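K.L.:
Once you've looked at the hints, dock chain D against the given chain V.
Number of protein chains: 2
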Amino acid sequence: MVDIATRVWNHKWKIDPIVRSLIDTDFYKLLMCQSVFRNHPNTQVTFSLINRSKSIRLAELIDEGELREQLDNIRSLRLTRGESTWLRGNTFYGKRQMFRPDFMEWFENLQLPPYHLEKVDGQFELTFEGSWPEVMLWEIPALATIMELRSRAVLRDMGRFELQVLYARGMTKLWEKVEQLRPIEGLKLADFGTRRRHSYLWQDWCVQAMMEGLGNSFTGTSNCRIAMMREIEAIGTNAHELPMVYAALADSDAALLQSPYDVLSDWQDEHDGNLKIILPDTFGTKGFLDRAPDWLADWTGMRIDSGDPATGAENAINWWKSRGEDPTKKLVIFSDGLDVDKIIELQRQFKGRVRVSFGWGTMMTNDFKGLTTGDALAPFSLVCKAIKANGRPTVKLSDNPNKAMGPSEEIARYKRVFEVGEQEGVEVVV
Amino acid sequence: MVDIATRVWNHKWKIDPIVRSLIDTDFYKLLMCQSVFRNHPNTQVTFSLINRSKSIRLAELIDEGELREQLDNIRSLRLTRGESTWLRGNTFYGKRQMFRPDFMEWFENLQLPPYHLEKVDGQFELTFEGSWPEVMLWEIPALATIMELRSRAVLRDMGRFELQVLYARGMTKLWEKVEQLRPIEGLKLADFGTRRRHSYLWQDWCVQAMMEGLGNSFTGTSNCRIAMMREIEAIGTNAHELPMVYAALADSDAALLQSPYDVLSDWQDEHDGNLKIILPDTFGTKGFLDRAPDWLADWTGMRIDSGDPATGAENAINWWKSRGEDPTKKLVIFSDGLDVDKIIELQRQFKGRVRVSFGWGTMMTNDFKGLTTGDALAPFSLVCKAIKANGRPTVKLSDNPNKAMGPSEEIARYKRVFEVGEQEGVEVVV
Numbered sequence: 032m033v034d035i036a037t038r039v040w041n042h043k044w045k046i047d048p049i050v051r052s053l054i055d056t057d058f059y060k061l062l063m064c065q066s067v068f069r070n071h072p073n074t075q076v077t078f079s080l081i082n083r084s085k086s087i088r089l090a091e092l093i094d095e096g097e098l099r100e101q102l103d104n105i106r107s108l109r110l111t112r113g114e115s116t117w118l119r120g121n122t123f124y125g126k127r128q129m130f131r132p133d134f135m136e137w138f139e140n141l142q143l144p145p146y147h148l149e150k151v152d153g154q155f156e157l158t159f160e161g162s163w164p165e166v167m168l169w170e171i172p173a174l175a176t177i178m179e180l181r182s183r184a185v186l187r188d189m190g191r192f193e194l195q196v197l198y199a200r201g202m203t204k205l206w207e208k209v210e211q212l213r214p215i216e217g218l219k220l221a222d223f224g225t226r227r228r229h230s231y232l233w234q235d236w237c238v239q240a241m242m243e244g245l246g247n248s249f250t251g252t253s254n255c256r257i258a259m260m261r262e263i264e265a266i267g268t269n270a271h272e273l274p275m276v277y278a279a280l281a282d283s284d285a286a287l288l289q290s291p292y293d294v295l296s297d298w299q300d301e302h303d304g305n306l307k308i309i310l311p312d313t314f315g316t317k318g319f320l321d322r323a324p325d326w327l328a329d330w331t332g333m334r335i336d337s338g339d340p341a342t343g344a345e346n347a348i349n350w351w352k353s354r355g356e357d358p359t360k361k362l363v364i365f366s367d368g369l370d371v372d373k374i375i376e377l378q379r380q381f382k383g384r385v386r387v388s389f390g391w392g393t394m395m396t397n398d399f400k401g402l403t404t405g406d407a408l409a410p411f412s413l414v415c416k417a418i419k420a421n422g423r424p425t426v427k428l429s430d431n432p433n434k435a436m437g438p439s440e441e442i443a444r445y446k447r448v449f450e451v452g453e454q455e456g457v458e459v460v461v
Numbered sequence: 032m033v034d035i036a037t038r039v040w041n042h043k044w045k046i047d048p049i050v051r052s053l054i055d056t057d058f059y060k061l062l063m064c065q066s067v068f069r070n071h072p073n074t075q076v077t078f079s080l081i082n083r084s085k086s087i088r089l090a091e092l093i094d095e096g097e098l099r100e101q102l103d104n105i106r107s108l109r110l111t112r113g114e115s116t117w118l119r120g121n122t123f124y125g126k127r128q129m130f131r132p133d134f135m136e137w138f139e140n141l142q143l144p145p146y147h148l149e150k151v152d153g154q155f156e157l158t159f160e161g162s163w164p165e166v167m168l169w170e171i172p173a174l175a176t177i178m179e180l181r182s183r184a185v186l187r188d189m190g191r192f193e194l195q196v197l198y199a200r201g202m203t204k205l206w207e208k209v210e211q212l213r214p215i216e217g218l219k220l221a222d223f224g225t226r227r228r229h230s231y232l233w234q235d236w237c238v239q240a241m242m243e244g245l246g247n248s249f250t251g252t253s254n255c256r257i258a259m260m261r262e263i264e265a266i267g268t269n270a271h272e273l274p275m276v277y278a279a280l281a282d283s284d285a286a287l288l289q290s291p292y293d294v295l296s297d298w299q300d301e302h303d304g305n306l307k308i309i310l311p312d313t314f315g316t317k318g319f320l321d322r323a324p325d326w327l328a329d330w331t332g333m334r335i336d337s338g339d340p341a342t343g344a345e346n347a348i349n350w351w352k353s354r355g356e357d358p359t360k361k362l363v364i365f366s367d368g369l370d371v372d373k374i375i376e377l378q379r380q381f382k383g384r385v386r387v388s389f390g391w392g393t394m395m396t397n398d399f400k401g402l403t404t405g406d407a408l409a410p411f412s413l414v415c416k417a418i419k420a421n422g423r424p425t426v427k428l429s430d431n432p433n434k435a436m437g438p439s440e441e442i443a444r445y446k447r448v449f450e451v452g453e454q455e456g457v458e459v460v461v
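Quick mapping for you: the protein sequence lines, in order, are chains V and D.
Mapping of the first sequence onto this note's numbering: residues 32 to 461, in sequence order.
Mapping of the second sequence onto this note's numbering: residues 32 to 461, in sequence order.
A portion of the hints provided could be inaccurate.
Because identical chains share one entry, a pair is satisfied inside a single copy or across any pair of copies.
[Claimed, not checked] Derived lysine-lysine pairs resembling DSBU-like cross-links, with alpha carbons at most 35 Å apart: (1) 45 - 416; (2) 219 - 400; (3) 373 - 400; (4) 126 - 419.
Quick caveat, the hints were computed from the structure, so don't treat them as lab data.
All figures in this text were calculated on a predicted structure; none of them were measured in a lab.
Chain V with its partners taken away, still in its complex shape:
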């Protein structure tokens, strides 16, 4: 029986909104936002979309009007009462009242700031300018919107059964990964795939499939909305954005060299335990660890997000040992370009030597590789980054020169200040 009212209601919508909630975003954005709201509420930043896969000509695939409608819709969103209740009342990382009342009050009144959109040479120039805590919350919804509009563009001409089989294949593909991961003892894996997901509904499906298929090995999702709806853990700590902006704000080379530690010093004022995770690669891991103050060795773990992950983890273990710490008590989080084979290999290599967990992104929530003609749904590398802070350009080096960003003279200066030598390039797929 058709529910006539529902059918009519559905067809009354002008658009099918992609992002429908301000907490359809990564948990670490909210943690960082609270930190920024406390420590740098007036810093002015610019975030910009960067498509690292130049061959995907987004502005030819996606209609500008449709993109504007989706972005306008996001600007119309407000934190709902239930979402606010969840953020205030839920336990995150074992802690009640993770979010302070003053931050929650600000968030409850937040509307995302305006965006600037232009078509240039087959790509979208999409930027956001304003105060850091507001602008930073655009990153994830902007990425998720463009990813899903691109999916929709590719799917537009497919037949009904062709579409159903496409999703059947996607489901089969994910489930085969679940079946490969299920037998791995002690596996700890979370969904980090919000920003480059195929679509919201697909991410939600993937999360539920992982819950059923992996049980306790699936530790949660970075997506707050899905964590709330599915009653699972919201996962995430901090990102490159903090040291990048802190560094841009530094007034001297000495202050620049100190800035990554200032970030973590501010961070540990607020957080304990599994939230004290070092992200060491923003300006090169080696120098960062060599120069690290002793109090940092006490932190719980390290997230390896660029360069060869096994090398990164070995370096982490050696560093902890050199600082008199027991690596088996420490946590390594792998979160860069993971897929099943790599997860299995890393788990095997580091099991028992260090606590291991995985933040699995694009290849969990957007693996339609090889499933359409011309591979038109293959994942690609789209980011949305802080490119300026108080008028100064930001820089990221990372352990992979192919992921470096910023003006070349600034990159050179950062390399000099942080004493970054020769780096090995790794192809960036997603």
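P.N.:
Just chain D now, kept in the frame of chain V:
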């Protein structure tokens, strides 16, 4: 939004009925039924379920009570007004009013006769006794019911996402077949999979997928209900049941030898064109063709349903040539144990030499092979056959001794009368 009324309604059902329509059956059963209704309305027959896959212990998988509920539900069915209108008003094989008014009137008042069900040694003994035109209509619904109850038994303990992925895999598997078949020029293929389908909904899905994926290469379905709902051709001609019962009724060896031709003589009183299809293998193809009267060479085509199909088609071509017929004007229908590779091979081998079409059964509507633990959904060989007519046992020899049935002394007599020599055995999978 949940449609509360629908949800409550759905939960009011005592069972989830498998067969919901008297025309959820093969079209050729209705054609044969009309013929039997005219020529042998009072012949008493017994049909019996025969599970050729002894290792599948059906009575241990399927609850007897559930089976009874489904069979009782089938006995409660009557031809609906819309179904009757469709049978009376539709064009079948280019002909209007295929079904005569006296037959339709009888069918509109039909209730299927009682069944007899017992558990014996892990199997069900399921038999139907009564007048031939009534009893014969049990064959397809009985088979489809047991097939689907078996599917349900296997699926009972699966998780929600596990189930969804199982169907995703099944869909992917069928679609890969569609993609292999799509490029084949001149392909003509119909669904013959009602009797051994995974479930009604699955067959209906497969048919729709074939419609979208194969376009005009998909010529229709043997299932009348689905043909009606999807507005496509109902496909089918005649089956072994006719010569088997005609043979059992023969009073002498001479009459026995003549009986297969009597069947076709009765048939051509009613039918023309693409319905004049010879099924030559009931008592051995070679002798049947050697002794065939000249008028039979004029028939449109031949259905190859046992033995090596390529050999069968070569024999048909040679026979037509020997009778002065042009094989390129004739139709060969392959319908035995087909899957994609075989279809492609046969099409390639006979294209241009004879008109070719395929009746694709079990591996179209029930290919879940390799998709569950212990391959618990793998198709198996279940039939429901006329075993007695007016108190006498029936016999089938076919071109594959593994498909022979009947009491051994009767098989010996038939082999003698029909001069069947050495036969090559082919494994019967479905």
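K.L.:
Just pull the numbers of the violated hints for me, sorted ascending.
P.N.:
Violated hints: none at all, because every hint is consistent with the structure.
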